[in-house]
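Heads up: the protein sequence lines correspond to chains A and B, in order. If you use our numbering, the first sequence closes out at 341, no skipped numbers anywhere. If you use our numbering, the second sequence closes out at 341, no skipped numbers anywhere.
Don't take every hint at face value.
Stated by the list, open to error - Here are the computed distance ranges between Cβ atoms for each label pair:
1. A/A32 to B/Q142: 47 to 57 Å
2. A/V45 to B/P223: 54 to 64 Å
3. A/P70 to B/P223: 54 to 64 Å
4. B/P332 to A/Q142: 37 to 47 Å
5. B/S27 to A/D101: 41 to 51 Å
6. B/P194 to A/N198: 54 to 64 Å
7. B/G62 to A/V45: 51 to 61 Å
8. A/L102 to B/S80: 35 to 45 Å
9. A/D318 to B/D248: 37 to 47 Å
10. A/D99 to B/A249: 49 to 59 Å
11. B/S80 to A/G313: 27 to 37 Å
12. B/S80 to A/E66: 31 to 41 Å
13. B/D101 to A/S27: 26 to 36 Å
14. B/S80 to A/Q142: 26 to 36 Å
Think of the hints as simulated: they come from the structure by calculation, not from any bench. What you are looking at is a predicted structure, and each value in this text was computed from that prediction instead of being measured. Note that CB positions come from ideal geometry on N, CA and C, so glycine has one too.
2 protein chains.
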Amino acid sequence: MNIVITGGAGFLGARLARTLLQQGQLSLAGAAPQPITRLTLVDRVAPATDLMADARVTAAVGDLNELLKPDRAQTGAIPSDAAIIFHLAAAVSGECEADFDLGMRSNLDATRALLEACRALGSAPTVVFASSLAVFGDSPGQPAPPVLTDMTLPTPQTSYGIQKFIGEQLMADYGRKGFIRARNVRLMTVSVRPGKPNGAASSFFSGMIREPLAGVKAPCPVPPDTAVALSSPGRTVKGLIRAAEASDADWGPRTAINLPALTTTVGEMAAALERVAGKAASALIDWTPDPVIRKIVATWPANVNAARARELGLLPDDSFEAIIREYARENPQAVTLALRP
Amino acid sequence: MNIVITGGAGFLGARLARTLLQQGQLSLAGAAPQPITRLTLVDRVAPATDLMADARVTAAVGDLNELLKPDRAQTGAIPSDAAIIFHLAAAVSGECEADFDLGMRSNLDATRALLEACRALGSAPTVVFASSLAVFGDSPGQPAPPVLTDMTLPTPQTSYGIQKFIGEQLMADYGRKGFIRARNVRLMTVSVRPGKPNGAASSFFSGMIREPLAGVKAPCPVPPDTAVALSSPGRTVKGLIRAAEASDADWGPRTAINLPALTTTVGEMAAALERVAGKAASALIDWTPDPVIRKIVATWPANVNAARARELGLLPDDSFEAIIREYARENPQAVTLALRP
């Protein structure tokens, strides 16, 4: 089985790739497990060396919109035997808000081109689309309901959220037409991400933990009572794989499912950091407000009811403290402070 | 004030044009009424001669996607002084289901090109987008709720419905960004339309009344108990104009509003026809089922709660019999049977 991951050099894509290579097989849509013979990682940059060292891994490096132009044979982004495509590549929320055309190109045009490339295969491959909690939006004239379910009408208040929601619609129709098997999955805010800050407005949700653990100051640009719906990298990847493995009957309708979320506040996140690594860590959080980021984050509701995900056996993380300890365990080289037991 | 109507040679566009020319002025978004100095009708064919005879009318004739290519100066589809654009042009539901690419081009690409042309003006013109009841869809795995409100999550079960719902999302974001003033309006099934059948799956909702009144047989391809949410041409045009005239505060959120609907069944429609024109008329309805049309129509729920429209003073038609009589009054040349008082 050949599996494609767009955004395969990104943090989540690489983690998904490593998990898939490690498990070595996948039960596509409820069928018997098949060995993963090839993993095609599509991204602007080459995958990490550990991934490239695996004989099953192929890279398609370049601009996604260029790679997906109809004469695909040259680029190999969507190989003719692709059985599953995890579509994670996207411009992030902050970028899309700052540069409208970039967001439309990277998120809307690229998703449509990807779906066209999948349709052209004629084999109705399974597409798992990484949508986002950011489809939900809270605005003064239209407050989001207190709890968001799988059937809540999204009212996105960012271009990123609009583009993701449009992606869900395209997915649903390409699925209904039989061009693909559609799996729309809404990711929660992923924390703690290793590595460096990115252009996402949500980047600080990881940075405010990751940087202090490395002894480095980091901004938290929103007030302590800001609520957030979080998921660890591990649970997020689990959700993506479950989407590919679920049978059509277990999956249900082609509308998106919310992945499970741990609802907490940035104040509680800072307190958990202090429990794990002491005041030396929490004192490194810089609480200077950033009105631009605050405005974006404030539109993302935090209370998510993930009923369909629960039925698929997907559960939220136990606690944010557990998430921090998991991060520290997985990234020992990035933690310089001493941790409390 | 220069007003643009795409689909301006179509039935609804032409009726909107005549209504606007007759009233002569418009209160744009709650401002003081201004005279309508120019009406630009954009369509693949030239507008009717009565419209072209009005000195205020200009035509832009051609393929909409071609007319909207960035070098607009040559075509005049979106003049630099356009204050309001009523975007009615679309490929209809039956066409889009039969030809996926046609629908994507005519409904998604053209709407996006229109919004880009409006954004390029720099004047944030008001765009009234004719969305549709067809965004709602009933599917075996995801039945629509018994009553559809303005906040119901649409789950379109046709490509046309998906494309209209995506149009609503684009409208909302172009509005939020300040590129346009966005007015998303969901039209109900319009009946009785004069003229000829078209490719819409809903075409028979007019034909089953219009043709018998002219002494001609007409198909009703769905069972008598099929429910439908209807609006007369007059009420529909009223809703479009109200959308342009409502102030931002009166209008509310950028999500779409449902226009008011008279909920009835095709059996009741046939009975109303019999009350108006006797058995001579109702006997001309051919009840031979068409499974393709039935399948599409069956996904359109019929119980619509149009709360926002009601707050704007928009109400459904009184009865289907009143709609038939209005049609007969407005189109005496198309009625050959004697009507009962």
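Hints, verified against the model:
One distance hint, 47 to 57 Å for the beta-carbon pair A/A32 and B/Q142, is violated here, with the actual separation near 28 Å. For A/V45 and B/P223, the hinted distance range of 54 to 64 Å is satisfied, since their beta carbons lie about 59 Å from each other. In this structure the hint that A/P70 and B/P223 lie 54 to 64 Å apart at CB is violated, the actual value being about 44 Å. Between B/P332 and A/Q142 the CB atoms are about 46 Å apart, so this pair conforms to the stated range of 37 to 47 Å.
Distance hint check: the CB atoms of B/S27 and A/D101 are about 34 Å apart, inconsistent with the given range 41 to 51 Å. Range check, B/P194 to A/N198: about 57 Å between beta-carbon atoms, so the 54 to 64 Å window is met. Between B/G62 and A/V45 the Cβ separation comes to about 44 Å, which falls outside the hinted range of 51 to 61 Å. Distance hint check for A/L102 and B/S80: the Cβ-Cβ separation is about 27 Å, which falls outside the suggested range of 35 to 45 Å.
Under the hint 37 to 47 Å, the C-beta atoms of A/D318 and B/D248, about 46 Å apart, fit the expected range. One distance hint, 49 to 59 Å for the beta-carbon pair A/D99 and B/A249, is violated here, with the actual separation near 31 Å. Distance hint for B/S80 and A/G313: a CB-CB separation of about 58 Å, inconsistent with the stated range 27 to 37 Å. At roughly 34 Å, the beta-carbon separation of B/S80 and A/E66 lies within the given 31 to 41 Å, and the hint holds.
Roughly 34 Å separates the CB atoms of B/D101 and A/S27, a value that falls within the hinted 26 to 36 Å. The hinted range of 26 to 36 Å is satisfied by B/S80 and A/Q142, whose Cβ atoms lie roughly 33 Å apart.
The structure shown violates the earlier hints numbered 1, 3, 5, 7, 8, 10, 11.
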